[in-house]
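Student: Single-letter residue listing:
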Amino acid sequence: MAAPSAAQLRELALTEEEYHHAVRQLGRAPNELELGMLGALWSEHCSYKTSRRLLSQLSSQAPQVVVGPGENAGVVDLGEGLLCCFKIESHNHPSAIEPVQGAATGVGGILRDVFAMGARPVALLDALRFGELGDPAQRHRFAKVVEGVGFYGNCIGVPTVGGETYFDDAYRGNCLVNAMCVGLVTAPRLLHAVARGVGNPVLLVGADTGRDGIHGATFASVQLDEGAEERRPAVQVGNPFLEKCLMEACLELAGSSALVGLQDCGAAGLTSSCAEMARRGGAGVRLDLDQVARRELGMTPYEVMLSESQERMVLVVERGRVEEVRAVFDRWELRSDVVGEVIAQEELQISSGGQMVARLPLSLLVEGFLPRRPPSSRPLEVERALRAAPLTGGSPWTLEEAWLRLLASPNCSDTSWIYRQYDHQVGDDTVVLPGWDAAVVRLRGRGDGLAVSVDGAHRSSLLDPRRGAQLAVAEAVRNLSCVGARPLALTNCLNFGNPEKEEVMWQLEEAVAGLAEACRQLALPVVSGNVSLYNDLSGDSIPPTPVVGVVGLVGDIRRLPGPGFAAAGDLIYVVGPGGTELGGSELQRLLGGMVLGPPPELDLELERRAAEAVRQLVSEGSARSAHDCSLGGLAVALAECCVAGGLGAVVRVGGQSIPADGGHALLFGEGSGRYVLSVDPAEGGRMEEVCAGWRVPCARLGEVGGDQVEIVGLARIPLAAAAAARLEGIAGAMAGPVL
Amino acid sequence: MTWRCGIAVFPGTWSERDCAHWVELAGGEPVMLWHAERELKGADLVVLPGGFAHGDYLRAGAIARFAPLMAAVRDHALAGGPVLGICNGFQILCEAQLLPGALLRNSCLQFRCQSTHLRVEVGRGPLLSGLEPGTVLRMPISHGEGRYYAPPDQLQELEAGGQVALRYCGPAGELGDEHNPNGSLEHIAGVLNREGNVLGMMPHPERACEPLLGSEDGLQLLRAALAVLGPR
Amino acid sequence: MTLKPVVNDPQGLAVTQGLHALGYSEVLESRVGKHIQLTLTASDRQSAASRVEEMCRRLLCNGVIEDFHFQVAEAGT
Amino acid sequence: MTLKPVVNDPQGLAVTQGLHALGYSEVLESRVGKHIQLTLTASDRQSAASRVEEMCRRLLCNGVIEDFHFQVAEAGT
Ligand SMILES: Nc1ncnc2c1ncn2[C@@H]1O[C@H](COP(=O)(O)OP(=O)(O)O)[C@@H](O)[C@H]1O
Ligand SMILES: [Mg+2]
Chain A
79 MAAPSAAQLR
89 ELALTEEEYH
99 HAVRQLGRAP
109 NELELGMLGA
119 LWSEHCSYKT
129 SRRLLSQLSS
139 QAPQVVVGPG
149 ENAGVVDLGE
159 GLLCCFKIES
169 HNHPSAIEPV
179 QGAATGVGGI
189 LRDVFAMGAR
199 PVALLDALRF
209 GELGDPAQRH
219 RFAKVVEGVG
229 FYGNCIGVPT
239 VGGETYFDDA
249 YRGNCLVNAM
259 CVGLVTAPRL
269 LHAVARGVGN
279 PVLLVGADTG
289 RDGIHGATFA
299 SVQLDEGAEE
309 RRPAVQVGNP
319 FLEKCLMEAC
329 LELAGSSALV
339 GLQDCGAAGL
349 TSSCAEMARR
359 GGAGVRLDLD
369 QVARRELGMT
379 PYEVMLSESQ
389 ERMVLVVERG
399 RVEEVRAVFD
409 RWELRSDVVG
419 EVIAQEELQI
429 SSGGQMVARL
439 PLSLLVEGFL
449 PRRPPSSRPL
459 EVERALRAAP
469 LTGGSPWTLE
479 EAWLRLLASP
489 NCSDTSWIYR
499 QYDHQVGDDT
509 VVLPGWDAAV
519 VRLRGRGDGL
529 AVSVDGAHRS
539 SLLDPRRGAQ
549 LAVAEAVRNL
559 SCVGARPLAL
569 TNCLNFGNPE
579 KEEVMWQLEE
589 AVAGLAEACR
599 QLALPVVSGN
609 VSLYNDLSGD
619 SIPPTPVVGV
629 VGLVGDIRRL
639 PGPGFAAAGD
649 LIYVVGPGGT
659 ELGGSELQRL
669 LGGMVLGPPP
679 ELDLELERRA
689 AEAVRQLVSE
699 GSARSAHDCS
709 LGGLAVALAE
719 CCVAGGLGAV
729 VRVGGQSIPA
739 DGGHALLFGE
749 GSGRYVLSVD
759 PAEGGRMEEV
769 CAGWRVPCAR
779 LGEVGGDQVE
789 IVGLARIPLA
799 AAAAARLEGI
809 AGAMAGPVL
Chain B
7 MTWRCGIAVF
17 PGTWSERDCA
27 HWVELAGGEP
37 VMLWHAEREL
47 KGADLVVLPG
57 GFAHGDYLRA
67 GAIARFAPLM
77 AAVRDHALAG
87 GPVLGICNGF
97 QILCEAQLLP
107 GALLRNSCLQ
117 FRCQSTHLRV
127 EVGRGPLLSG
137 LEPGTVLRMP
147 ISHGEGRYYA
157 PPDQLQELEA
167 GGQVALRYCG
177 PAGELGDEHN
187 PNGSLEHIAG
197 VLNREGNVLG
207 MMPHPERACE
217 PLLGSEDGLQ
227 LLRAALAVLG
237 PR
Chain C
3 MTLKPVVNDP
13 QGLAVTQGLH
23 ALGYSEVLES
33 RVGKHIQLTL
43 TASDRQSAAS
53 RVEEMCRRLL
63 CNGVIEDFHF
73 QVAEAGT
Chain D
3 MTLKPVVNDP
13 QGLAVTQGLH
23 ALGYSEVLES
33 RVGKHIQLTL
43 TASDRQSAAS
53 RVEEMCRRLL
63 CNGVIEDFHF
73 QVAEAGT
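Protein chains in written order, with our numbering: chain A, 79 to 817; chain B, 7 to 238; chain C, 3 to 79; chain D, 3 to 79.
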């Protein structure tokens, strides 16, 4: 084959340098098919060539970790032989092009990652970012993404128990759709994605192979420009029904000794699944493409190898036991075909029409890419922004006005518009429903449960990506503490712009360093994750958006407090450090959007102790309610507790004198590490004692009761007005027809 | 001996395990019935659970009704045996013409998963006669196609014949559009066949079977039904 | 397949509203139904038509809520 | 509105399987799309057609995965 042109290489997301590297390593020029396979596996999406060296800072060392990064999903031990398997993944680019199907297939993909480990998925979560809802195009995209997430999860029967959603102009061109899945498996049924045992057959099961998403992996690795709509790859339409059957069949086989290895067909399709399985098993795979069932006529080997058709799995089966395995798929009315076998040479060999059409060493395919280390630098504007005053023009609003506007901001408001479109209860195990801090899914046959939360903090990240990543981890941990859960492990999705821009590379480096530091200090192993770069439409990068998902254990699910204040007369406490920073806050966004001023300080050691204290208070039953302060600060958290419980409150904050800014920072500052707790008056002493024991600041603010939320001397709003404002945000914006 | 509850499993069914748990809590013995078989395995009561049988792709329940198992369910129903269809099961029973009417896309055009109140309209047949008419139950719904429809003359017949079993209502049993989550005609949440032995309902009683899940009213419904069936 | 005229069609309503919002005020009504394209072998048009009619009655269409009509065309046309 | 020929059509797949299960083995393929019936006022056929074409492009059809075609008929016909 003649050396490919620059344009051809670009199509494959390969550089000239990478091409020459391949030629050198192979000792010959790769043919077109081989080049396509190399391009896909060396894409950022599959190879992590830019981020890999950074990710090595994240540690998965902890006694509870059974499987760390590198497999389909991470696994932690829950005790008594039960394992929890989870991962988060992005589907940003496909969702930008076709929001319903993009989001749906994102959910489908993460589910496959989890059941590929033999685990039954028990919970889904989604982290979403859009532009602001004043824009009809954003309303459309938001509505359709929610529809897509719901469509897949609802149909397959896995509850979507939580998530987070943020609207900010910075995501107008690039929405973010991250999906997380949590599954359970008993130790003997845990599966691995390996191909081993020379002569063992390789099966492809599930959907037929079509021309879907060819170059999808490379597509996610290059910048989307306006013209992308013209040359976009075929959009994939998900088939959750087929996946449901596939899931049941795979889980039925998980305990069988006939199954050697199982892997889903994700990005780069058969190429990556076979190559990675074989690499892990220290073997090779030979595929006969004539055996691959196709949806369309006339598909070339290139198309078959790079097809990203959904709802397919690759299995390696013990020789002689194919019929037994196929019987299970037959029962589920699923197609299964032997398409190849395990070989001793560590190669991927492809034949078609009786001829070998490609042959690549796995060392080259899987690890032979050239690591990238684009230059990075801290942009000057960051320095200036950090030093600026957070509210340059002050606030034109009274405290009451600002308070109600915050409650009515789609970022703080009630999220039921979203989660009531998701079946969040199927399985009968969701004991804390979405809408509050962390969701809790009980573990059958035991008294305990799993708590899960996903969080991100992109505005702080714009000012200081290191801090932003840490704040995201801290927030997820706080959400878990509020349901009395001890965090076990973390998964993360790093959503960034184009790393070839120096400032984006700097953001990525900083964020990963911050993530590593926070996880170390909070003793959270990182067991899985995903990187999504090139979130840039027309040159505008998204803010650095590391999203973290944390899973924890709740000791006794019968003792969980409900959301919000529980009874009039209960005492209200604020627990944790007293920061009131407005840099990157929601109030700042409402006032005009510029991200300025120092982001919240973070003392990770204090954060850890505060989490311990709150966890103890909640799990021993001393706290009757617990909620953390996040967007909108103390005042919004307080109002949320009131609205959720249907009870007012009277509290005092700060000293006697009114601060110079009229109290905005005191009420709406987003200092990290704070919680609002309420306790029975008899438990006030216990509250103070536990906090003192953990050396965590704790202040009594006031009492639950009345029909107003009152901060004495500063502001008060009627409970009904607060409740109405919370419903206004998302539901209000989405009330009209969605075009 | 306890009552044996057969739980139908179609490809795409997802609440069979939830139903089995619920049946056990109510003191029954669950047994799974695979769609491709023709056996009810001695089931006294047949439950068609929720899910998306065959993906609900053509119309919810349209393909499932032809399953071999459904022939056995039909015989059981025609012989007066109790059959309960929940959510997708209700849709299948309508498609199979074991129940009148049809279930259409929710009028809000969105999937809805939320808690609802239901008013028991008639205490008739083996499944409902253990409950007082007027009783208000609380249990969740979870569907995209739950808007009950029957042609005008048939609707009249249903009302007159005591076939309207459950209606969406407020906490005190009051009717109103604000309590109707899907635009069902006359707020109908569940219907009986003429004989009263086949009940279809969109809400999920099996999700309301423990205080931990927020309500036990679904358990109450099944316990009352098993009590009516009497000792086995 | 079209919804019978007496059946409420919220999807059609949403389409109408959407079109009005975009300024297509000339639209009076819209009704949303299904379009199914079957490829099948048959000895002639007539027999194809009678088989398809049967398929519609038995599976494709729910007579309580939907009406159907169909056209037979030879493949390639 | 029909799904573009290269796009995966799970609904069509289910219909085909459903028909096969009922014994209609002559069915080779089915594709499921949408049928929208619009009632609108226009001065003539031509202008109706051009408006509808625009509506399809702007709202009714999802050009990423669907194709559309339409017919104009006078009301009452
Ligand atoms: N996209 C979503 N999907 C499901 N649940 C969501 C989504 N977005 C928000 N929620 C739910 O809304 C509630 C509030 O979200 P958020 O304000 O982000 O909580 P927190 O500040 O405690 O992290 C949470 O229970 C969350 O699970
Ligand atoms: Mg929180």
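No lab work stands behind these hints, which were simulated from the structure alone.
Every residue gets a Cβ at the ideal spot worked out from N, C-alpha and C, and that includes glycine.
Any given hint could be a false lead.
[Stated by the list, open to error] Which stretches of chain B does chain C cover? Using the computed rule of at least three CB atoms under 8 Å from a CB of chain C, they are:
(1) 57–69
(2) 154–165
[Claimed, not checked] Using 27 Å as the maximum straight-line C-alpha spacing, the simulated DSSO-like pairs for lysine-lysine come out as follows:
(3) C/Lys6 / D/Lys36
(4) D/Lys36 / C/Lys36
(5) C/Lys36 / D/Lys6
(6) A/Lys579 / A/Lys127
(7) C/Lys36 / C/Lys6
(8) D/Lys36 / D/Lys6
[To be verified] Restraint-style ranges between C-beta atoms, simulated for each label pair:
(9) A/Asp618 / B/Gly179: 23 to 33 Å
(10) B/Gly179 / A/Gly525: 31 to 41 Å
(11) A/Gly333 / B/Gly179: 47 to 57 Å
Student: Okay, which hints does this one fail, numbers in order?
Tutor: 9
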